[in-house]
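Asks: The task is simple: from the sequences and hints, build the whole structure.
Taken in order, these protein sequences are the chains called Z, L and P.
Heads up: the first sequence begins at 19 in this note's numbering, then just goes up one per residue.
Heads up: the second sequence begins at 471 in this note's numbering, then just goes up one per residue.
Heads up: the third sequence begins at 21 in this note's numbering, then just goes up one per residue.
Treat the hints as calculated values from the structure; they're not laboratory data.
Quantities reported herein were computed from a predicted structural model and do not represent experimental measurements.
Mixed in with the good hints there might be a few duds.
[As the list claims (entries may be wrong)] In silico lysine-lysine, DSS-like type, Cα no more than 25 Å apart, as pairs:
id: 1; chain 1: L; residue 1: Lys722; chain 2: L; residue 2: Lys742
id: 2; chain 1: L; residue 1: Lys722; chain 2: P; residue 2: Lys269
id: 3; chain 1: Z; residue 1: Lys450; chain 2: L; residue 2: Lys602
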Amino acid sequence: MSETRESFAGLPEWAVVLWYVLIAVSVAVFLAGVFLLRRKYARGRSLAPFDRPGTRVLRAARIVLTHAWIRRRDTGAGLGHLAIFYGFLVLFAGTGILAFQDDFAEPVLGWDFFHGPFYLGYSLFLDVFGVALVAGLLVMAVKRGLQRPRRLDYARPDRDEDRRRYVAGDWAFLGFLFFLALTGFLLEGFRIAVDRPDFEAWAPFGWLLGNGFAGLGLDGAAADDARLVTWWVHGVVALGFVASIPYTKAVHMLAGPVNVAVRDERAGRRLPELPAGAKAADVGYGLVTDLSWQHLLSLDACTKCGKCHEACPANATGYPLSPRDLILDLREAAEGALGIRAAMGVGPLHDADATLVANPIRPETLWSCMQCMACVEICPVGIEHVPIIVELRRRLVDRGEMEPLLQTTLETIYDSGNSFGEPKRKRGRWAKDLPFEVKDIRKEPAEILWFVGDYASLDPRNLRATQGLARILREAGVDFGILYDAEQNAGCDVRRVGEEGLYQHLREQNVERISQCDFERILTSDPHSFHTLRNEYPEAGGEWEVVHHSQLLLELLETGKLTPAKRLGARVTYHDPCTLGRYNGVYEPPRQVLEAIGAELVEMPRNRDNSFCCGAGGGRIWMSELKAGDGPRPAEARIHEAVALGGLDYFVVCCPKDVTMYEDAIKTSGHQGAIELRELSELVLESLGLPPLVAAADEEEGEE
Amino acid sequence: MTVLVIAEHVRGQVRDVTFELVTAAGELGGPVTVAVIARDPAALDVNVAGVDEIVNVAVEAAEFESDVWQRAVEALVAERKPQVVLLGFTVNSMGYGPALAAKLGLGFAGDVHGLALEGEAVIATRSFYGSKVSAELEFPGAAGVVLLLRPTAWTPAEGPGSATVSAFAAPAGPSRARHLELVEAAAASDVDIAQADFLLSIGRGIGERENVELFEALAAKLGATLSVSRPIVDAGWMPSSRQVGQSGKTVKPKVYLAFGISGAVQHLAGMKGSGTIVAVNTDPEAAIFGVAHYGAVADLFDVAEELEKLL
Amino acid sequence: MRVVVCVKQVSQLGDEVEFTGDGCDVDPDYLDSALNEWDGFAAEEALQLRERLGGEVVVVTCGGEESEQALRRALAMGADRAIRVEGAGRDPLSVGRALAEVVRAESPDLVLCGVQSSDSVQAATGTVLAELCDLPRVAVVTKVDYDHEARKAVVDRELEGGLVDRVEVDTPAVLTIQTGINQPRYANLRAIKQAEQVEIDVRTAAGGAEAYRVRRMFVPSKGEGAQLLKGSPAEIAGQLLELVRERLK
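Replies: This is how it looks when you write it as structure tokens:
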């Protein structure tokens, strides 16, 4: 007899029929669940059909099969999950192969492949992956039960909530899978224990178990009886598991990969446009049915892994925001209003006509977000927390539901084109204090149009850096000009606050004015301006090459237009700004500039895509403090992180808001004297050996 | 050049601005007549040096009512035909002064802080564009002019006067906006900033509500009482009992420290008389530097922080 | 119920100034503009009255085309109709007269104006308007309690020194509204852009005598001004403390 095993061995005919009936029931329940889920998603807003389906599917397949996203920042859990994933897949496929053999290949095609070398390979493969599955599950159990990382703690930052249901669900899921694996191995062990044919050594673990049982006296008929019982238990539990997939945490197995395929690759980086003539009900997310179907789907992909919760700077410093809890709240609302629980009447229910803000989402949760993209960056299943928050904010802003300080700032930006309320004429005032004239690019052509930005033009603390950059450019012989009072706030943060109308207004005016100028490319010294000019202005007809000053400085150093007169020799650390780094992937140029001018760079523990936000983004710099408790603010926490590196001279930034936030933070965190702030341009200026400017204002005062 | 001054009073007390008007009237030459419109005008003493005539106008209203005052002044103007009618730039005057000019076809200007006479013509000086520029106004072709003068812009007349006193019967008529009662805005339990020797005052420049605590703490350490300018009260961050200014309290402490206050005219009116005024503001052009004795163009948070360290 | 709100697009001067050729006004290049702060409060008060009593809110301004921005803001906040009167002088008598024409034609139950405009600060237009329409008026109002049936309102008038005068006024009446009376709602840009589609009723003012004529405008000398404390914030703080301690003795 060749190497094989018999299916349904020892089962009477009625039992086999019953088995197939159970399969049908299981599949039916599964499909019903999928149908209900699909119906839930269909209640959401439809988007334009997604493009390039082929590319998307291939890309998603690569990401899912290599676990590229899951493995980030926690290799242990990543490999554990990889083992579970492939273990489960292979075992599931194994059953499928068997079914294919029994129900199709043999009866219909007369083809029996399930014997001989194939069988041996099959047995080995399944055993190995079965062990992998168990190992993976054990890794996860240890992480949850013993290691207990903070991100798996379900405590909410904004309210007390009993989440034992979640914890129970997690352990049930692990337990279910473990039980399946266990019964599968027991089943195999009992089967082999009956008569222990030699070839079954190809299933090493089963072989061990089988011999073990035989050694205990459990063989022959006794083992066979045990096998039958175990077979039913394993089978029914397996069918139960399959049926339950759409109704439990297991749904992420479907929703996750699908979301990876359909998500917006530029989520958060390029926010969705609001069509002209939009009515109040079209603006943003007010009701749960306003969510796009893709966002509704993504809510079910969440596995509560907590990576976003851990990465979020607001959460880390005591703000009432956890990206994870936001997604879970939305999921509960969607389920309670439109989903399976709503269909079954299982609470907590949510009224589909009730606004999501204030229940379950609190406004302060939304306003706490700094739009730093750390959550979106790290989510293993591609959930888009940031655009969802912006959409929720859009509805609040449209209804005027925001704090007075933010309202005043938005009104100020509309009235004076800048967030400081300074007269428009003051925009180019910083240039008047220079010993040379800065071209007015409205009147004369220049190679580079320097879009300076609000903070760099008008915030007193940033003038040194802005004037420094101007002097550097002049030294390098760069032909540049500025827009003077024609320049307005670029709108990046206005858009992220949710005032889409004001954003469109600013963008329209900026595009119009810039288009009238004669230049080759645009330089910005503010990553926020850089980001929106580069990625979002093309929508409104503004298509130009846009560079950040760190990129231009590198170019000038590399082409020899700038030659450092001396090497700085300072020990520095560099903070990656969110909008330059995570948003646009510009990590290396500032580092290369620092290297070229002879600074010794010591990396921040959280650097590049893991950089920790200063707290100013998303319009937070225009809002009052929402943080609870006495803990450090995000910028203070970051300075603590830097000072802990030891022996640093400078904390280097290349964003004007970072300048403002970190100058304050160095003082308020008690580290004044321990470290100094430098903007990148200031360091380059120093290395060029140019004398410092005497500020014109000081001169005037002296005369009085 | 006959000048008619309308006395300003509340709760049986004549307000300082009345005497400032007398001084201003004197600058215009000509006889100065002060009209006292009240339920019991004789009980209000406006007989100071510089007043030539006092006209008592008894009316039914217990306190100011715009129709009553306007009717009385209209009648007076019809009879006396003064070239200039002077009122204080006060809440009461805002209720009828401009109406008077409109009804009688007279010239008008409010918040006047300078007066000059060129021949028979009155030239009034006032500010525009948030006090950044001044302008000289003339009133060509007007039979007379109603001017509302800025309180504290003139020194109050003092010294015993020898004015003739007469009574004037105002015509009767409806009062369509009737005084019901006077209400103290502030809670009685709070601090009286007008009694403090040392005030630390904060304004719009402090940014957000959170920072009020910062300055409260600083004030406590300094031994100062915290006071505020109007925007802070409007925003609801402090009660109006803490407000310094025309619509708040007038204060004259030994030391007045102003942080982040630009110096709107109404605020200045409330603290100009302080012994030593020190202002800290990032805007070198802020009007408060005009009345301050000492100033610093600096970031108020930086200075506040440094002060804390020294205490 | 109909409420008319008078609004003004005011000019804001920075720290640089040049005058026009005739020396009687500031060169417009040096001016930015915005809705008068007081008028935002007045508009909000009107909208809240409409929310309570139904009816319409009509917003009026006096000025050239640029002043339509103030109207758009009010429309975006929720006003129903907008009217602009052009061709009038800029002093309170001229403006009041121009507005009075509109108000008389509208026969409103209440007229709300801001106490004053931030660029002119005469605090007169509302009262002039009331006189020319022969309406009762209360200036510097911090609370409005309007009884539409009884055709009366009980309002609080904010006197100097924190004192409040409670007044009962027969309506229709003109009330000039003080800051802090409410929290003006935000006019989002979507609404403002949509307001740009709304047709604004433009009328021309009949002429009349002006309240005054500007003869000369100039930058006032600052006088001695404050003695400036110099140095770093630490140094300034030190000098400040010394000064304070001395003066408190």
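Asks: Look at each hint and say if it fits the structure.
Replies: Each hint tested on the structure:
no.: 1; hint: L:Lys722 to L:Lys742; result: 8 Å, holds
no.: 2; hint: L:Lys722 to P:Lys269; result: 16 Å, holds
no.: 3; hint: Z:Lys450 to L:Lys602; result: 22 Å, holds
Checked against the numbered hints given earlier, this structure breaks none of them.
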